[in-house]
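A.B. asks: Sequence:
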Amino acid sequence: MELPHHEDVSPGTGSLPPRAWYAASDAATLCLGGRWRFRLSPAADTEDETFAADGYDDGARDGWGEIAVPGHWVLQGHGAPHYTNQLYPFPVDPPRVPTDNPTGDHLHTFDLPADWPRDGEAVLRFDGVESCARVWLNGTELGDFKGSRLPHEFAVGALLRSGRNVLAVRVHQWSAGSYLEDQDQWWLPGIFRDVTLLHRPKGCARDFFVHAGYDHRTGAGTLRVDSDVQGRVTVPELGVDVPTGEPVTLPVEPWTAETPRLYDATLATPGERIPLRVGFRTVALRDGRITVNGRPILFRGVNRHEFHPETGRALDPETMRADVLLMKRHHVNAVRTSHYPPHPAFLDLCDELGLWVIDECDLETHGFTAVGWRGNPVDDDRWTPALLDRAARMVERDKNHASVVLWSLGNECGTGSGLSAMAEWIRARDDSRLLHYEGDRSCKDTDVYSRMYADHAEVERIGRGEDGGPPQRAQLPFLLCEYAHAMGNGPGGLSEYQRLFETYGRLQGGFVWEWIDHGIAHPAYGFAYGGDFGERPHDGNFVCDGLLFPDRTPSPGLVEYKKVIEPVRIDGDGPDGTVGITNLHDFADLSHLAFTWSFEEDGTTVADGVLAVGPVGPGERTEVKLPPPPRRDPDAETQWTVRAVLAEDTAWAARGHEVAWAQLPVERGMMLPMPGGAVPVRDTDGRRVALGAATFDARTGALRSFHGREIRELRLDVWRAPTDNDNGMPWRPEPTLATRWRALGLDRMLHRVEAVETSAEGLTVRTRVAPAASDLALRTEYRWASNGIELLLRMTVTPEGDWPVPLPRIGIRFGLPGAGDRVRWFGGGPGEAYPDTATASRIGVWESDIAALQTPYVRPQENGARADVRWAEVGGVRVASDDHPALTARRWTTEQLDAARHRTDLVAGDTVWVNLDAARHGIGSGSCGPGVLPPYELRATGTTSFACVFSPAAG
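Letter by letter, the sequence shown follows residues -16 to 938 of our numbering.
Just so you know, the hints here were simulated from the structure itself, not pulled from any lab data.
One thing to keep in mind: the hints can contain errors.
Below, in silico cross-link-like pairs of lysine to aspartate or glutamate (DMTMM-like), each with a Cα-Cα straight-line distance of 20 Å or less [stated by the list, open to error]: (1) K185 x D9; (2) K185 x D211; (3) K608 x E650; (4) K608 x D591; (5) K608 x D556; (6) K608 x D559.
Please work from the sequences and hints to get the whole structure.
C.D. replies: Here it is in structure tokens:
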């Protein structure tokens, strides 16, 4: 049976061979983006092809409207998005797809500009269409194609008219190509990248290949530009003027991600002049290491899907530039283009601003895991032409980018002969780059051993060479192509991974999953995730797992990552005044940085200055002395803060941008005095006990007020609204941590008062806090004392029984009705921090309003804690503690936070709920990866003590 074009396994018909992409030339072009006529049909064959006929009048027919192109019709009121992680949203029956197959017919009328050349040829280029397109121009069919994130061109010169031209495109949401594009993202059909008409003059360049190597031993670069049409290559800055195909060797400054030196050049053929930007660099595998220009490199990377909360994968140049600038400002030096080649303009930015790129083919067949990989296209020879077409279109389009250092065959496709065929073709076409693929542990087709989500212990074994495996693999460098799953609050454990990367040479870094949350802007939810459009099956908020929120605001995870991977390591001895500075760059020295110091007392700067640092080459370390500290208050906590900032403006950040910092403690400061002396007094009816300025319930011992301010429900709290990492991986057979917490009843602990005792020293309340249907308990004792103004709480928590799970937290929670919005604290800030995500938390005096303390995760969960708090002022109450608890303050309870599914579910109340945590369980990256490391687990194995002093806040 002959299948329709959209179910044929072939890549398509009629398109021209792939070639190099370039942003501009002196040949005429016409952008065809804008408002197009559009009609949506429920199936591939609902409508016939008359809409593409010459003279068709869509204005006289029902069902036609308008949409923006580039764009996705499901984000413009026609149908709805659908999210799955790995499951195909249709039956696995390759290459067939459902009859119910939303199909969009597009019509665009355009006139050629008056100055459009009359000679030569013309090409119509589509840079991206999901998932299958059939194209007509002026009633003549041009062909059809699949390969959503790849360019396709058609020769149209003979069909163009000087007047009105009509372009017709039929796009099917589902096609045989959909089986190759199961890429953990929203399924978003449409013409989502540029559509361009290009004049092709006689003698135009057609395809060309820029070869620009660098010899680190001699400092010489060798340039050769191969072109289908002979011409000349000029590089004015270097005095180069040579024919195409002829190599020239001369001294140059090399290109690296740290020093992205580009030379302006021109390729001139008889019919066209094309501006080039040439970066000289050589990528090689040497002694089991990925090297560039003779040096091993360390990837501090991210995986990047293309996404915008309003336009989906239709990105404008400003958004792409904003992404690259954010990456550079947060020390990201590498991008894996998961799981398809990006818009080509993005790679221009990587060349210009400096990022290493793993360019990944538009290929993933992950959904075949649901059927045991039966019928997997990469192991079915019928699909090999489609696989080779995708590989060729990626390589030919992107081969002239200095930033691209590895080609990736695709993602999560299992194994098969099709991948080997792709690898063989790529090596034959371009031997100047290395090959990557994660899904084959034998590494027979790759130059690197790549894994995703391996835990720290396994990564260390790999670094030591103790992982076993085939001999060939043992000689290869190792990459974590995905790690530190950045879903919701987290990821934890980043600094431990980075220490491994910096310790073992074989470990050449990794790529955090992923860059941005794919939350779609939604009027009711704020940002929508899987299931919010009624789609089934779906994978919920697993699509929101990025270091940026959907609006491109950096998350605490990105701030933490920036600190962990900073390219300058500052350490030292605070009391001795010695600072160590280590240059972690692979190529750059530190001459572009200025160093400063400040000396702080109780979080406030009392002196500052410039720190002179001599030359420090890549990989080198130096030590410098700080000046003598100023005379200090003997009761104050003191520390040095040393910062490295940009000395001058750069292409990616302004002068003064902070690159690295460290705080070096000097003196701890005076311990808090423990107030006492006041004697508890019962009121006349025996219902209240007064202790200084505090009143307590005589029956329960609960604190009711302090200095006339109402206090609600102060007591032990062990629950937190589970994070996405607590909720774990629902596809795994073992219960997640959050499931075990709820099964035990930690979200509904019951408090029993066992004693309320008064004495000359104060008030003692003994309780037993326990979950229902269990004999486990937490014996909790509150000892209150006062000097008449201040109120001291000393709390001990002692577990009973063998607790099978770690506790979420141990601390107190209380409510402050009618509290104002301002919060001040001395401790960690400015952002949130948890035990295994606290590297970026710096000690100081901070101020915020309650709303700004909340971290707006797309799915609400535990968030907003400030670590290592010495004192905090909220709602007119000051709380101080030598135990340095964590502080959260919210206008909703933990239970309300737990129940919320979207940001808009949370409604601020009149009461501010405060948590002070003596201990907390870490975060980990258990949403897809390892859980919390043992040092950060909160095990209920011993007594926890906590003390704090309440006093009226100043002012």
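A.B. asks: Each of the hints needs a verdict: does it hold here or not?
C.D. replies: Okay, the hints, checked on the actual structure:
no. : hint        : in the structure
1   : K185 x D9   : 13 Å, holds
2   : K185 x D211 : 13 Å, holds
3   : K608 x E650 : 18 Å, holds
4   : K608 x D591 : 14 Å, holds
5   : K608 x D556 : 10 Å, holds
6   : K608 x D559 : 9 Å, holds
Violation of the numbered hints given earlier is absent; every hint is satisfied by the structure.
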